[in-house]
Each structure stands twice: as structure tokens, then as C-alpha cells.
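One-letter residues, chain by chain:
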Amino acid sequence: MRLQAALFFAACLSPAAAIYPDEVNHIDFHHALLGTPSPDSTFFLKPSPASNASLLYTLSDKLLLGAVNPRDGGLVWRQNISRSVNSPAYGAGLLRGFDGNDAIVGAVGNYIASWSAQDGKVGWENRVSEGVVGDLELLELEDATATSGVRDTVAVVASEGAGIVRRLNGNTGKTVWEFKDTSGDVPFQVSSSSTEVFYISLQSAMLKGFKIKVTVLDPLTGQQTRQQILNTEADVATPESVLYVGANSASPIIVWTDKSQKSLKVNVIGTKEINSITIDNTSGSEIRQITVHAPRKLNALPHFLVHFETVTGAWAEVFHVDLMSAKVTKAYQLPYLPGQSAVAASVIDANVYFTRITDLEAVVVSSASHGILGRWDLQKPSSDIALHSVSEVVAKGKSVAVRSALFRKHGDWQLIRNGQIEWTRHEGLIDAVAATWAETDAQEDLAHELEVEGHETLYGAYLHRVKRHVRDLEHLPDWLKDLPKRILSSILTDEVSNLDSFGVARSVIVATKNGRVYALDTGKHGAVSWGVQAVETSQWNVKAILASPGVATIYPDDGSSVTVDVSTGKIVSRIEPSSSKLHSIAVFEVQDGSSLATVGVREDGTPVTAFANEDGFLVTTSVDGRVLGWFAKYNKTPVWEFVPPSGEKVVDATARPAHDPVASIGKVLGNRSVLYKYLNPNLALVTAVNEQTHTASFYLLDGVSGKVLHATTQAGVDSTQPIASVMSENWFAYSFWGDVDGSESSAKGYQLVISELYESPFPNDRGVLDSATNYSSTAALPLPHVISQAFMIPESISHMAVTQTRQGITTRQLLCTLPSSNSIVGIPRPVLDPRRPVDRDPTTAEAEEGLFRYAPYLDFDGKWYLSHTRDVAGIKAVLSRPTLLESTSLIFAYGSDIYGTRATPSQAFDILGKSFSKLQLVLTVVALGEGVAVLAPMVRRKQVNALWRA
Amino acid sequence: MHFSLSSLVLLGISSLVSASSLTITIPASSPLPNPHVLPATSHATLTSLPSGGKDHILSASLTRSATFVFHDLPYSGPDAQPESYLLDIRSAGDYVFAPYRVDVAADGSILGIWETFRGNSWDNRGADKYIVDIAGKKQIDVVVEAKVLGRKVFYEQRAQFSPLSLVKNPMVLLAVVALGLMFVMPKLMENMDPEMRAEFEQHSRSSPITGATSNAMAGGGFDLASWMAGTGGPNPTTNNAAQAGSTGRDTSGPARRRG
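Which chain is which? The protein sequence lines are A and B, in order. Take 1 as the starting number for the first sequence in the UniProt record's numbering and just add one per residue. Take 1 as the starting number for the second sequence in the UniProt record's numbering and just add one per residue.
Since the hints were made in silico from the structure, they are not lab data. Backbone N, C-alpha and C define an ideal beta-carbon position, used for all residues, glycine too. Treat the hints with care, as some may be off.
[Said to hold, decoys possible] Using 27 Å as the maximum straight-line C-alpha spacing, the simulated BS3-like pairs for lysine-lysine come out as follows:
no.: 1; chain 1: B; residue 1: K152; chain 2: A; residue 2: K942
no.: 2; chain 1: B; residue 1: K168; chain 2: A; residue 2: K918
no.: 3; chain 1: B; residue 1: K187; chain 2: A; residue 2: K914
no.: 4; chain 1: B; residue 1: K152; chain 2: A; residue 2: K876
no.: 5; chain 1: A; residue 1: K914; chain 2: B; residue 2: K152
no.: 6; chain 1: A; residue 1: K272; chain 2: A; residue 2: K259
no.: 7; chain 1: A; residue 1: K863; chain 2: B; residue 2: K147
[Unchecked claim] Computed footprint of chain A on chain B; a stretch qualifies when at least three of its residues, placed anywhere within it, have a C-beta under 8 Å from a C-beta of chain A:
no.: 8; segment: 118 to 129
no.: 9; segment: 150 to 157
no.: 10; segment: 185 to 196
Produce the entire structure from the sequences given, and follow the hints as far as they go.
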């Protein structure tokens, strides 16, 4: 009780335990992710003509545009374009830019915009009304009129039955000229040389296939100067058959193959001639993929590389284009090597370099000759398939250095510099759909031994214990050996004690949509301990992950399950999918032991299996918006059914967390009387919305009987915006967008409502329960006394959670995910007290209780932000977990980015923090010792003198 | 006549098609001296209740010139109701901007922009930022200035270790004073004239503690443990002092020993 009071006052003095600047990157970690970089829209670029430093730019499959620092893999800036795109059908995005130009131009769907390459701010943006942007190219040539450094963009817009080529001003995004092709051809790509703009479209041939039509445009006026049609209908069956349309080189090319992949066809754009080159396939196996790598710079040599990939290996051929005769000749070949390889082209001045990374080595060659300029063995050969790479070559005299950003099939983006892996970004984590805290089995042995001792005779138990301690002695030498190091490091390092043994370092098991499972160690800044491909799929709809000591079991919606070892990632066992599709997975504790069991719930809300010897109950929701209550013993008919009023649709249901300890059953008021909390472990909060009348209703149900304990309806609610809700202890909270709605509400904005449940409105009174020690849900269940209060909040909340601590003594924080400012905020519960006095100052008794005057607007204090200045984007769920330290709760957030931290809602009262200076303590002790040493002889002399005098 | 009619039609079309845009500029202010330091993720949103299938959440990103531009405000046809939007500007949680109320007419033109106050009635409008000129022509592109309210403080400052703070510590101060007394007092006593000194000693003997300490200092060999136990030490001076200091304690020694 006294501890609680102390805690409470600590909480009052400082309403939030904010993060200290020196704790950043120490207690928290953040993986700012981009997603799978698309091969065509990833490049190294020097954003500033003044500096030689380049950044790595990409537009990912998640439509996240970002710049990565190639030095450490840190994110420089990031933009989410998916917010800006409002055309329904969009494919991959396009991104273009080039060295020295501080603008990169991207297009997705009907949206085309330019961003500052250095800081990612929008230069201009455009929404095409006619259709979607098919291709994009930056004009490298400089007009006499253009200001230096700003390049215009040429875009192809594919609309119904017509292709439009537009030149957009580099500064404003306004259309300079427009060329409309209404012939009904399929708009394909755009390319440019130093003097001309080429519009490439595909003309349907008479029978089948396409003819490639090249329309040459004047870059200044957009007038058509000439047109060429290549007879390619025999080879080009679909737009995908064209392998490459060369962009921005002195001689742009179109590359395709014949249907049998026997010969390569190359056309220098603007000429009529088609060069046919026989593919020299010596490997004997079928070619799986052909990719063309050509420089994208205007002044680069007209060389290009064609990379051929078979199932077992790959080789590449380098070709030169003769500018005069438009003839293509083969220069040399990079030999066939078994395994995977990825090739990238890079340009220094006019020289073109090709970097080839295979499973074992990285090789750099010049396009001019086949001599190897640099070769490095890879430090850690990876078994993961390399999908594509981009490279940057630096030439120092005769030697070269290269760094390549390599994207691997399993979602790792690696920077390899001269064969060394500099950093790895685990972009695969962006698809995280479920996560849970792993349970390690380190304590398991001891628990087992103690159990043995508990069951033996007194003498036997004693012997067993002595033996155990003797066995423990074998760790003594190691412990002694480490002792000096530990003492030294504990004085020198900032952190007073290593908190890993207090449950602060935990693994988190994360399952992603594409069938991968990762383990992240929160003790090592969220480093990925392992990642395995559990299932080969792209739609792994994981419903639950269950952790038991040593293993974690992942349950997707098809009734299957995969069990992995949490320390190694090895797949321990697998259960094959059953036929029925599951809506959700319920987890409950089996009565006979501490193990957990799961039961699948079908889309109509019925549990798949029944548990004959369980006394539990189950609350399920069905797809058609009903809430059902079941006995665990019987899964044929529900015990009760909750159907919301007509027009309403159940959108969400929450319950109290599994670990939700209550430190005190009452709330002590200022006058020492007690308000008793209404503590029912079987509560469920159901959210139902009515889209027509814009109302949201919240029903508090008893899970055993289905009885509605409390119901409330909010008007003017936007059901398309997130409605988050959470429940803990004796309170629940929810948030929504509330609009002006006649008499009900006169405010417009986001609202947060908190409700507390008490047994009776009067202190020292338990209502009908009186002195009862227990009550039954099925007999007369007393209704709670509900005190509610609403707050206006500055922004929307997409997800709510509550901090969990070991005993529940520490005040709780309401963890809210703020999607519009990309942060996570922990609102201290005392601030959200619904008993705060309205329109008057608190009385002395209320002030003693910690209540202060109610203000309708609740601004989020900067110190409440757990994510402080970090841009934690796309969070879908936040997990909290108690540690062995009562003050500390672990937080893990996932969904798009990954973020983890430690929350100390009542400050770290049981840890000697960084502010505790060991040096000061040591100095004080030393100073005292010296004082004694100095004073002792003085005193002794005085005493001796006094004795002589007496 | 024919010409004027066609131009009217043209005018009508143009006013229907070219929905107005809203530009929010960020002026330099004392909390935000340089608006260009705002991160690229800063954005402005216009939010309202969904009605009639038009966009009810509009978003604009920060541009290079530190502005937010909403192109093409939604219009829903001539017979629809005007819509009232809440304009929020968010800058990665760092700078705090005042919310605005933006009223947009059915044809997509802006009727007015006011400051608004969270936690207050929506009709409680603050300072005008822009109001449509009813008599004159409608302004197509509206430009208003954002108002920076302040900056959020995310971090707690840690108390720095300094030797001065060590000296300021009351315990250290007490120790310093006690040490000072210990060294300075005998000097002072020596400088006193003999009469006053005798009086002072007489005075201090009335209190057993000071008496004892002064005895200890003067006589030496003081047994603190025995003094605390009230049994007196072997030192005769101490016994005398104790007896002189407190009368009627002749039997106290043995009595205590028994107890």
C-alpha cells in the first residue's frame, strides 16, 4: 500500500516518464522499412552537383519512395505515395532521376510528381485526368531556355484508345507540349536521345502479335517528325515480350527475342534495321530469364549487356553499337557460372562498367574489354537468391572499388562493398502480419528440478539439492574469470547493470504475409536472429502465434500450423491444412497444466472443435456481424447470441488482456474512503457502427451470460475512419472521428472516450454485492456503475493497447498509434481519469487524490511520445509485455515499420538509471576514506597530548 | 449576341471544371524561424464526415517552398450542401499548428477559412483567415498562412554531474560547517578573555552532550560507548563532569548496570 502511494505521488509529480536523449537507440530500436525495391526504379544518384556523395533511391512495391544512405543503410527520407494515388488500378511505380539533378520524378497510376532528391519534399505534383502514366523519362538534354540543373520530364499517358506524350516543365510540372496518338495503338514506352524524343507504341498486327511503332518527336515542339514500324508481329506476342527499351543513351535500343529464344533482336531506335544475333546457349538447359543492362546516361558509350539465366546458372554477353552504321556487334562474354548471378551497369564519365555478383564472388569489368578490373570473394556466401542489384563503381587509377545494393528473394537488401557486406536491411519485415513474444526455456530446467525436489522426501530432496549445488560449482571458474571484467565494465559503461537477466532482452517472433518467420532480439536493438521461409506462399494469413517455452506455433487461417524452434528457427513440426477457412483463432489455458490450447473459429462463428473436459467459455464473432457465446464443451449451438440493432454492423470486439493483474480492488479517495472497482474477467467490448446514420455503439457484454452490462451510442461518427478500442482492469477506452451532429455534438474532431466501472456510485459501498466474496455471471449479475468522460484529441488513433507490468502496481499507459503523425504515444492513465472535476477547481480531497480540472481538449504532451522524433509508419498493432522489473514494460510495434522500446509509466523506480553516477559514489567513498586517514593521526596526537597534560 | 452567349457558356464550363485550390504557406515565426526545416513527412489534411461519395479526407504533402497545396477541392454539383472541413497540419509530431475551419461550397470554391479551437463548439470561430467576397468574383486559388503554436519537447533533460552540485548537497554543507567548528572553536576559545571562557564552560556543562564533547576534546580518552550506556568510563574527568553536570545521579551507574 505504501509502495503504491509512493508510486502514485511519483506519478503525480511527473505525469510522464519521458525518454532521455541518451536513451535513444539504447532502449529503443526502429526498422524504418521501404518494402521490395522495384528493379527498374532503384538507382544510385548524386543529389547535389556540389558533392560527390550519392544516395540510394527506390520506389518499392508498397509505393514507398525513399532515399537510403549507402554508408550505413539508414533512411534519409521517405514518402508514402499510396496516400496520394486515387486511381483504382495501378501497377508498379516508376521513378527516374539522374546525377546532379536535385529532382527525382515518380509516377504511380494517374499521379506524377517530383521530389527534392535531398530532402524528399514535393516539388510539383500532377494528377492525370485521362488515364494512367505508362512510362516516364527525364530529358537529359538542356534547352537554352532551361535553368541549369532542372530537367523536364516526358511522360506517356495511357488512356482509353489513345496514347498521350507530354513534356512537363521541371520546375512547375505544367505541360510544355502534348502529342496525342489516337490510332488505337497500345502506348508502351518513351525514350530519348540527345536530339529526339521517341514514343514507342505497339500496333496490333492483322492476325496476332504486335508491331513496334516508333514515333519520333521534336523535343522542343512535340511535333511528329517521322514514324517507323518494325515488323515484329512474329516475335512480340504481348507487351512483356519486349525485353528492353533503352533510355537516354546515345543510341537507345529496343531488345526482344524470337519465340524460341534462339536469337536476340536489337533495333537502334530511329532506324529501320533489326539486328539479329544468335544466342549461344552452351549450358544446354532452357533460358529462364533474359535481362538487358545498359547505361542510362546520354554521354555514355553505346554498350550494353545481356544477361541470360537458366535454372542452374547464368552467363552474360556484352554488345557494342556502332553509332554510324547502327550495327550491333558482340564484344565479349562473361562466362557461364553455375548458381545465381546479378548484374548491374554503372557509368563513370563516358566509361561503362558492369558488376556481376555471383554466389561466391563480385567481379567488375569494363564494357570496352573483357579484362577483369576487380574481383572480390564474398565474405559470407548466401544461399538466398539474388534478384537484382544496382552498383556504383569508383575508379582510382587502374584499380576500381564497387558497392552494390543487392536485393535477395527473401527480402534482404544488402550493400556489398568490395565483397564485404556493409549492411542488410530486412525489407521482408514490412509484411509482418502477426507477432508474439517468445518464451525461452532457460529457466525451464531449474523449474523442473525444483518440482522434483518438491515431490521427494525430506532427506531425498536435501540430497538432490546438495547435488544440484555441487553441479552448479562447475560454472564457478567461468564466473570468477568474468568477475574483473564485469566490475570494470559496470563502472565504465553508462548502464548501471545489465538488465538482460530481468526479462528485458526478449525475442519476438514475427510472421510475414509471404510465409516468412523472423526472430528479433529486443536486447540487441531488434537485430534479426534468424529468418526462415516457413511456407511458400504470398498470402499467409496468420491468425495467431502461440509461444510456449522453446517453441512458437504459427496458426494461419487454413487450419494448418507450423512450429518453429525460437532459438534456431528450425521447423520442428507441421500440421497440414484442413478444409475449412478460419475466421479467427481463440487461445485458452488448459486447466490441467500451464499449457495453452487453440481452437479455430469458422467464418460463421462456430468453433471447429469442442473440448470435452474443459469448463471454459468462448466468445466469437461471425462474418455477418453477430457475437456468439459458447461453452468449450459443446460447439453445436451457441449459449447466447448478440445481434446489434438493425442497420448496425459489428466491426470490432475486444476483451481484457490475458495478463492483466489488478493491484488494488478499490480506488482510495482523498477522504480515505474507497470506491470498489467492478472487476469482471469475462468482459467483452463490442463496437458496432451504422454507416447510414453515422453512429457508433459500444456494448459491454458479460462473456459467460451474454448480458449487456452497459451500452452507449455516439453520433456523427465516421465509420470509414479507424475506431480503436481497448479494455483493461475496470476501464475501457475508445476513439473515433466525431462530427457536428445536431443536438448531440457541436464539435468536429477526433475524440477519445474513457469509461471506468465501479460496483457502486458511493464510496465504501459495494451495492448489491455487499460482503459477497464472489458472484455468478448466470445468476443475478450486478450492473456496473459507469463513469465516462470524453476528450477531444488532436489526431486519429488507429490502434490502442495498454502497458502491462508484472504486478500491475505501476500506473498504466494507454498506448495509442497515431497514423497521421507516424508515432506511438503513451497517455498516462491518471490524466484520463473520468472523475476529473468539470467546470470547477478540485477540492482539497480531490487534489490529494491527484485529480485536476477537466479540460475538453487533451493535447498530447511531447513527453508522452514513446517514439519521440522517430517516424514510425504504418503500425498495425502494438504488443506489450511485463518484465521481471515492475517498473518496466516492453513495447513492440509492427505492421509496416518495426519499432520496439521500453516503457516506464511511473519512471524506472526499481532501476539505477544512467543518472546514478557510480563514479560519484566511488569518489565520495574515496574522499571519506582520505578524510579519515588525515584526521586519525591528528586526533591520536591530540589524545596523547591530553593524557600527558592531565 | 451569339458571341456573348457562347462566351457565357464557356465561362460557365470553366467555373465548373476549374475547382479552386487552397495553398497554405508557413510564415517564419519565433517558434519556427525557418519553415524549410520541417521534415518531408509533414502534411496537411482536410477532414469531414463522408457524404455523397466525395472525398472526405484530403491530404497534401509539404512542398519545396514550405507550402501545402490542395489541388481541386471536391465539388459535388449545384444542389449539394456546402461542406465544412477541419484543417490539420501535422509535422511528425514536432511543431504544433493551429487547426483551421475551411468551408467549401458545393461548386468546390472556398467560402471561408477561420481559426478554430479544439474542445470548443464548431460554430465558435476565431480570427478570419479568408472570407469569400460575395459581391465580387470568386477567388479560384486561396492562399492562407498557417499559424505555428509551438514546438513539442520530447526529451527529459538529465541532471548533469558537476562538483558544484556536490558542494550544494546539504549533507556536505553540514559536514563542512561541523569541520569548521571543530577547527575554529578552540582558536576562538583561546582568544577569549579568561572570565568569559570560564562562564562559557560553565554554561556548556549544563548540557551533558556539549559538556561531554568539550570534555572529550579537552581531556581525551573519552569512551563514547560507556557514555551512551550511562556507565561512565575509567577516566575520572568524565565521571566528575557527569556528576557535576547532572545532580542526583550517584546511583545511576550501578542502577543502569542492573537494568
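query = Which of the listed hints are not met by the structure?
reply = 1, 3, 10
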